[in-house]
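Asker: One-letter residues, chain by chain:
Number of protein chains: 2
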Amino acid sequence: MRQSILFTKTRREPPKDETFKNAILLIRAGYIHKEMAGVYDYLPLGLRVIEKIKQIVREEMDAIGGNEMLMSSLQRKEVWEKTDRWDDKNVDVWFKSKLANGSDVGFGWSHEEPITDMMRSNVSSYRDLPAYVYQFQNKLRNELRAKSGIMRGREFLMKDLYSYSIDQAAHEKFYAEAAEAYHRVFERLGIGDVTYYTLAAGGHFAEFSHEFQTICEAGEDTIYLDRKKGLAINEEVLTDDVLKTAGLKREDLEEVKAAEVGNIFSFGTTKSEQLDLHFTDANGEKQYVVLGSYGIGITRIMGVIAELFGDEKGLIWPQEIAPFRVHLVVLGEDEAARTDAEEAYKKLVEEGVEVLFDDREDVSAGGKLSDAELMGMPYRLVVSKKTHDAKKMELTTRADAETQMLELPAVLRKLK
Amino acid sequence: MRQSILFTKTRREPPKDETFKNAILLIRAGYIHKEMAGVYDYLPLGLRVIEKIKQIVREEMDAIGGNEMLMSSLQRKEVWEKTDRWDDKNVDVWFKSKLANGSDVGFGWSHEEPITDMMRSNVSSYRDLPAYVYQFQNKLRNELRAKSGIMRGREFLMKDLYSYSIDQAAHEKFYAEAAEAYHRVFERLGIGDVTYYTLAAGGHFAEFSHEFQTICEAGEDTIYLDRKKGLAINEEVLTDDVLKTAGLKREDLEEVKAAEVGNIFSFGTTKSEQLDLHFTDANGEKQYVVLGSYGIGITRIMGVIAELFGDEKGLIWPQEIAPFRVHLVVLGEDEAARTDAEEAYKKLVEEGVEVLFDDREDVSAGGKLSDAELMGMPYRLVVSKKTHDAKKMELTTRADAETQMLELPAVLRKLK
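Residue numbers (my numbering), protein chains in the order written: chain E, 1 to 416; chain G, 1001 to 1416.
Looking at chain E on its own, in the form it has when it is part of the complex:
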């Protein structure tokens, strides 16, 4: 993509109403635009990051048998009344409104109830199970405070998967497979080594749930982790009994701030009973479906990665989710340099390398170089009069600022 057609601008000054690094850098670099506290637009570069995160999650969900679909945002009161979660006393983040005919309508802050209700049309026999259903949904939550940028929003993108299993044993088998898939997701996103499988409260339905917590100063949670074992316990459930269950010792644990990037939950059959999702088993008996729920915060992960890897110069994207692999920057007005840059752009596109080409004519060399650092592509390829004379181009990695002078074929080999 040519930067001259990208409509967004970078900003030198941090926005006055943001205190978190993720929001400051993402706004400065033109990835997001703030509509109101906790509500952001995703500009072209930001949307590209989101789509890359989604694609990694999608591949891993498909690999464990997930079926992608998309629920509506508008929700019926009746289905939430069955589980006693329509009342604002029980769920305090509802946005609600009225249909033109006067009846109540809710905006999806979660989809467990509607999706389980929808499954009633698709499950009647044991032959219809298991079913693993997921979506990427724009959740709307009326949070009282939303001040941590895109790490906690009133509007945010989430992957939510629901598992419908024939019995508890089948559920537990899938639960373990889903946990493995989550590990692969975070590994591929470049945060595998700082993301811990964490024992957390199970709510009304089970003794425990599991969270995937990424070590992050800007996170809202406090966890106690055993780095060697790669396990952690959320402070909310840290007791001697739980330590024993988890096979961890208090003296091996380290207290850290962390951000919850994923969670997995067992519901047993309670919700299926409330919503009447049943099936006929192989013996002709009526049984209730065993339900699990598996979330990943897509926009939150984008925020966490901005927090973790960003430095004083700007964003630093892991290879797998960078909007572009390389930022090609041409400096100066020299005709030969421009020709070199156009040739490099053409070759990179031909080789299938995702490239953002800073072809702007009215920006200084200093402005272009600092923009490239702010925007944070993994590689920067600089072309100028100097590189033309040297017959080599300057390839720099954003993360460690290592620079190599390479001929174009060598650049292509490296970036392919």
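It should be emphasised that the hints constitute simulated quantities derived from the structure, not laboratory data. Don't take every hint at face value.
[To be verified] Mimicking DSS-like on lysine-lysine, the simulated pairs with C-alpha atoms at most 30 Å apart in a straight line are:
#, chain 1, residue 1, chain 2, residue 2
1, G, K1416, E, K416
2, G, K1016, E, K286
3, E, K346, G, K1052
4, E, K257, E, K244
5, G, K1416, G, K1368
Model the placement of chain G on the given structure of chain E, informed by the hints.
Answerer: Just chain G, lined up with the frame of chain E:
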């Protein structure tokens, strides 16, 4: 994809609360699920159709310089007050609610105002223009009646593009390019020959707008078309003066029902003035940006195509947007037939052919064949004991029911 892991079911009986063919067939075939009138979930097959329509639209919008981004659904009252469109008296389809702090918030039924407000952060000089910005957005509209399936929803997916131009001449040039891109979109979607460029009312901002109207009995509009010239006039603006402007004669026109699948609109500078989107021109003078807006109803198009091509047996998808190119169906329990089918599935996947494989074991031959007709993939490939003995497979086109007996390599050549 193996049908055994697809969680959706087909239904023989039409849903009792639907009267339009698109909703009846899409629900029966397991493409959509109804939440309430005008609100549907998109099940895996339905979502695949949507993604294919989106991809075609995306490619054509990118080709004319569009930048894809994503606005929020939650919207600020203040920005809509500037154009006097917050009041329910002026816009009667708002869903509104309150933030936890008591302030008003709206849910996006359109994005002209917020997106133009957002552009204020990105446009200050003539060098920042033109800018062409688009998104695929889940629009929420509080329609009093919504009874035509996914052709008019309370929640629906729309592509909306906005053009920001330096002056009226630049705007008109892009407007014409966008119209050409729209023609290519509808051509690629398989409805080019029944979709007409239609003169329609311009609203407050211009004498006319243009609609892309697809001839469809289930459509809400009445248009008058000149088939030879490929032009039409919406009945709302059919006067002698307009006929003259359009270069059409009343006696050449045919009255048809049609569905509006796209529209393009000129706003002049009125909205930019209201929202204060200005720039400094090359002479250092302050100017207001010329705005255009360009919509395509993604879910509506899916409904229109279901209406147009569906027959008494079920859906018929054009090649370009079918969820899968071929429906591979194995009949009976014969071991050799199963082996043939598995081999065909493997080869089709290897060749990159999108294939839905009906590998279900508990469904009769008749049930499988009628399901394949209902679901409407362009090709059906039947494998059975009979085809095994003949050393050929049975390839049938859904649209014209033509059947050929072919060896597997010939099948692969045909479907690649």
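Asker: Indicate, hint by hint, whether the structure satisfies it.
Answerer: Do the hints match the structure? See the list:
Distance hint between G/K1416 and E/K416 is fulfilled; the C-alpha atoms sit about 27 Å from each other, no more than 30 Å. Among the hinted pairs, G/K1016 with E/K286 is consistent with the structure: their alpha-carbon atoms are about 27 Å apart, no more than 30 Å. For the given pair, E/K346 sits about 28 Å from G/K1052 by alpha-carbon distance, which is consistent with the 30 Å threshold. In summary, the hint linking E/K257 to E/K244 is supported, as the alpha carbons are separated by about 23 Å, within the 30 Å threshold.
Between G/K1416 and G/K1368 the alpha-carbon distance is near 24 Å, which keeps this suggested pair within the 30 Å criterion.
Checked against the numbered hints above, the structure violates none of them.
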